[in-house]
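Take the sequences, apply the hints, and build the full model.
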Amino acid sequence: MIDERNTDMSALKDLLAGMDRRLSILEERVDTELTEIKDQLPANRAAIVLFSGDLDRVLAAFIIATGAASMGMETSLFFTFWGLSAVRERRELEGKSLSERMMALMTPGNSLGLTPSKMAFFGAGAVMLRQMMAEKDVSSLEELIALAKDLGVRFTACEMSMDVMGIKAEELNADCAVGGVASFLGDALGAKLSLFI
Amino acid sequence: MIDERNTDMSALKDLLAGMDRRLSILEERVDTELTEIKDQLPANRAAIVLFSGDLDRVLAAFIIATGAASMGMETSLFFTFWGLSAVRERRELEGKSLSERMMALMTPGNSLGLTPSKMAFFGAGAVMLRQMMAEKDVSSLEELIALAKDLGVRFTACEMSMDVMGIKAEELNADCAVGGVASFLGDALGAKLSLFI
Amino acid sequence: MIDERNTDMSALKDLLAGMDRRLSILEERVDTELTEIKDQLPANRAAIVLFSGDLDRVLAAFIIATGAASMGMETSLFFTFWGLSAVRERRELEGKSLSERMMALMTPGNSLGLTPSKMAFFGAGAVMLRQMMAEKDVSSLEELIALAKDLGVRFTACEMSMDVMGIKAEELNADCAVGGVASFLGDALGAKLSLFI
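Quick note, the sequences are listed as chains X, W and L, same order.
Using this note's numbering, read the first sequence as starting at 1 and increasing by one per residue.
Using this note's numbering, read the second sequence as starting at 1 and increasing by one per residue.
Using this note's numbering, read the third sequence as starting at 1 and increasing by one per residue.
Do not rely on the hints blindly, as some may be mistaken.
Pairs count within a copy or across copies, as identical chains cannot be separated in the list.
[Claimed, not checked] As a list, the in silico DSSO-like pairs of lysine-lysine whose alpha-carbon atoms are at most 27 Å apart:
id	residue 1	residue 2
1	Lys96	Lys168
2	Lys118	Lys168
3	Lys118	Lys96
4	Lys168	Lys149
5	Lys96	Lys136
6	Lys168	Lys136
7	Lys136	Lys149
8	Lys136	Lys118
Hint data in this document are derived by calculation from the structure and do not stem from the laboratory.
Computed from a prediction, not measured in an experiment: that's the story for all the values here.
Pasting the structure below:
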């Protein structure tokens, strides 16, 4: 004959063991899945491709980049095609092929040579835009570039564009790294903000 | 001598107390971490910077914005630089400096004055594009602007651009708020969609 | 008089039943909320609107798209307005209205007719850019288009633009689907990357 109390006791122990297993499974699941989920949340990053070399668009890119960096975002600017002119500091012609020299002469040697997308018709567009910005105490492009560096915005120049256009690393801002499209995608995929300007 | 049954009972109580602690910890963790995670999920928002004042790009921005709003996204348009012309309703010259007046005369006084990025060579581009849209029963830009408002798309004009270009709030659409880059970033960071047009 | 042991036993059973309820609630909650959260995580997708028909911007779009696809992203390109020229393969004039025929003659009949946004002043820009790319062994646009298809990048042509510009599906690349803005938004909302080029 079975002792009722013992049966109760052993049934209780079984119940407890069952709950212990469920709890362990749940703890393990919460651990694993929350870690996986956190890895896939948008990161506190902002990544901007600057393709354009138009003064107005370059200004927009730096205003957004410095804004994002001031809000605590890990911010990166990827300079490609005409956008490379924004981080160019000098123009070299030596050791370049004919088409590379032509390209060098057709693109600005530094940020001061950039012209806006509109108002360029009598060559005075850049002067007028820069003067209007100065009148309203808005930072100049060069001040915005310096501010971006101070705020830790990462600069990367597109290797393929540099290669195609014949731009050498020595011609660019010393704080500018060189990288491929994978470098941009590494920053942009899963960032909270990514823009093509 | 120890009573075996009592020992069993007290061991069971200890086990139960241990599991109760683990369960409380897990409940607390799930509460805290899920709340944190939900705060970092992309929000049901779409944020578009409209930088361009080209009729074709402005149309693209409003088509995407009204599309996103119809799909239940909280949608915002941030008008900056040439894009301000899309929400301009009249042109004022009084009380403006020489360069502000020049800028006012060089930019369209309202959305009807916008021209496309291509086909502008004989001035007929805007007429032709608007006519082709009407022939195919596609909403005009003015209808899209009205639709965007009806769908609750939020309009913000870039304060800095207005200041630099000398555009006054009275010249803009009455439903357009005025805000800085932080206002755009507040909408765009963590939105499900952010575009620079 | 109450049997103390029985009381203990029944109290234990109540405790156990209480914990069982809490555990079931937590299991259910973790199930439901984790599923909801996972649905809202950014998906392994990249969605690009190609609005521009400038050779340089089209190249940038295909370089980013093939890069994202190689990194395992489900990648889609949505061709709209001038960007339709990138997937055009021939130009038809028959059965089109006057303005549709004018539009057809003013836009390139295929990707080989695209010109860059800069350097177009003496018509030699496209030749020069393509030659510089070939010299540096960078894939041509046509190779990038083929690579994109091989990597499974999805092509969608904007139905409204096709309609407005009078472009027929037969004029486009056979692998290009036709869809509206909702199709782009379906890809872009919640993607890890979305760009307007």
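Right, here's what the structure says about each hint:
no., hint, in the structure
1, Lys96 x Lys168, "within (10 Å within a copy, 45 Å between copies)"
2, Lys118 x Lys168, "between (29 Å within a copy, 21 Å between copies)"
3, Lys118 x Lys96, "between (31 Å within a copy, 21 Å between copies)"
4, Lys168 x Lys149, "within (21 Å within a copy, 33 Å between copies)"
5, Lys96 x Lys136, "between (42 Å within a copy, 13 Å between copies)"
6, Lys168 x Lys136, "between (36 Å within a copy, 14 Å between copies)"
7, Lys136 x Lys149, "within (23 Å within a copy, 31 Å between copies)"
8, Lys136 x Lys118, "within (20 Å within a copy, 31 Å between copies)"
Every hint, counting from the list given before, is met by this structure.
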